[in-house]
Amino acid sequence: MSLRIPCPHCGNRSVHEFVHGEVRQVPDHLTDPDERDLDLAFMHDNEEGVVTERWFHALGCRRWFEIRRDTTTDRIIERRAS
Amino acid sequence: MNEFVERQMKLTWRPPKKSYDVVIVGAGGHGLATAYYLATRHGITNVAVFERGYIGGGNSGRNTTIIRANYGIPAAVRFYQRSVDLYRGLEEETDRWLMHQAKGLLWMAHSEAAVRAERMRAKLNTEFGAETEFVEPQEVQELCPQLDIEGGGRWPVLGASYHPQGATARHDRVVWALAEGAMERGAHVHQNTPVEGLILDGERVAGVRTAAGDVAAGAIVSAVGGHVSRIAAMAGLRLPIRSHRLQAFVTNHYRQQLGPIVASSELFFYASQTARGEMLLGAEIDPQPSFSYRSSHDFVQDVCRRALNLLPFMANLRVLRQWTGVCDMSPDYSPIMGRTGVPGFFITTGWGTWGFKAIPAGGEQMAELIATGEVPELIAPFGLDRFARDRTMADRGSAGTH
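Listed in order, the protein sequences are those of chains G and F. Numbers 1 to 82, taken from this note's numbering, label the letters of the first sequence in order. Numbers 83 to 484, taken from this note's numbering, label the letters of the second sequence in order.
Please keep in mind that the hints were generated in silico from the structure rather than gathered at the bench. C-beta atoms are modelled at their ideal positions from N, C-alpha and C, and glycine is treated no differently. A few of these clues could be false.
[Claimed, not checked] Rough simulated footprint, nothing fancy, chain G against chain F, three-plus residues with beta-carbon under 8 Å:
1. 304-317
2. 377-384
[As the list claims (entries may be wrong)] One side only, chain F facing chain G, incomplete, derived with CB under 10 Å:
3. P322
4. V332
5. Y336
6. L362
7. D368
8. D410
9. T474
10. A476
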């Protein structure tokens with residue numbers, strides 16, 4: 001079984017129906033505007049552990065929602081409709 | 083370690099010293115190749131490679147061992163061709179049988195657009211040193227008689243780009259040959275010794291904190307796969323990397339000899355036959371960023387459904403086992419090699435789904451950079467600073483399947 005994403009509108013659906021969206025956070029210690037732009041364009045937290053992320057149900061209701069997922073196990077921790 | 087390697091090798095394992103000239107983090111292909119070429123090309127042997135697990139147990143042992151140079155941009159074609167050339171001589175150089183076999187690689191086109199893309203690939207590759215030609219369906223059939231040239235009616239083969247130097251090699255023999263070559267010249271490899279932190283001396287990275295104590299070093303190289311963002315964060319760096327898992331699987335042994343490696347970017351899969359006779363299939367990365375090594379049934383089901391269009395004989399085979407690696411994907415699908423902006427800290431990452439084929443050239447070039455202090459021309463375009471300079475290296479030919 002591949003990863004199932006819990007869409008708040010359509011229920012648990014295969015990950016292949018969705019588009020992944022990262023919640024970008026430029027770290028506060030970057031103050032130079034150019035550095036912040038560079039970070040926003042290219043850099044990632046790439047965090048090992050629980051992350052908050054957005055998903056777009058492209059082959060379903062076509063709405064965005066937010067979930068919390070553990071990237072080391074792919075377990076979904078929490079779902080928030082938005 | 084497999085029994086073949088164990089029988090052959092007389093290695094001495096030593097505890098870590100207090101300091102080394104060069105410390106490499108990660109004893110996978112790229113880390114070991116860097117140590118190997120530092121020793122053989124530059125006589126630098128006061129080198130340690132730290133590994134949290136065992137040699138070649140990360141992505142070096144979780145790939146599909148394909149070696150090719152038919153990439154999509156000039157700088158990449160040159161770099162990977164260097165790797166193809168080094169691989170060809172590696173058995174003789176290390177005096178080890180690496181099961182390296184040039185099989186040729188066929189990249190199928192099932193539409194007019196794909197035919198144009200493959201023709202373009204052939205031209206570009208040939209121009210920059212990687213022999214590739216466009217072949218018509220009849221010749222494709224001759225090169226690979228098992229292929230259903232009608233593609234089950236839905237995916238007809240309208241032609242293919244043929245890369246005769248496409249090859250495979252046995253992954254654990256490659257990493258162990260490099261480990262042995264480095265160690266018999268004096269380099270140390272420390273398995274089961276995770277690097278837990280970096281020692282900072284002002285701006286500079288001056289050593290590593292390991293499970294076996296602190297170790298000082300003149301240069302630290304991160305050849306980490308899968309967890310590279312974590313080690314970079316220890317040096318205060320943020321990387322343009324997201325890690326995704328990549329799955330692959332093999333079928334049971336099969337006598338029929340599939341000659342070339344078969345790939346299709348429209349059907350999103352590639353297949354080759356291993357020396358044991360297993361059919362080895364791979365495809366695209368999983369869509370979500372993840373560090374999980376879990377494999378999925380959906381993947382096997384999907385890839386089989388697509389692959390059977392071209393290789394219908396596989397319908398009679400059984401899936402023997404599957405595995406997963408964690409790939410560090412760069413935004414432009416090109417590797418990142420060289421300095422990091424943090425003094426004393428070098429990096430080789432962004433090896434996404436194209437790391438195995440680059441092992442010798444990646445190691446050779448990183449070794450040259452560390453030994454001479456000058457960025458070799460071959461990897462100059464692949465520096466981490468390319469993103470700030472707005473010189474990304476977008477390469478449509480790097481990952482075969484997406």
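Against the structure, the hints:
1. 304-317: holds (count 3)
2. 377-384: It holds, with 4 qualifying residues against the three required.
3. P322: Holds - the Cβ of F:P322 comes within 10 Å of chain G, reaching about 4 Å at its closest.
4. V332: Because about 19 Å separates F:V332 from the closest Cβ in chain G, which is outside the 10 Å limit, the hint is violated.
5. Y336: Since chain G brings no Cβ nearer than about 27 Å to F:Y336, farther than 10 Å, the hint is violated.
6. L362: F:L362 check fails; min Cβ-Cβ to chain G is 21 Å, beyond 10 Å.
7. D368: Result: holds, 7 Å to nearest chain G Cβ.
8. D410: F:D410 check passes; min Cβ-Cβ to chain G is 8 Å, inside 10 Å.
9. T474: 8 Å, holds
10. A476: With a minimum Cβ separation of about 12 Å from chain G (threshold 10 Å), the hint on F:A476 is violated.
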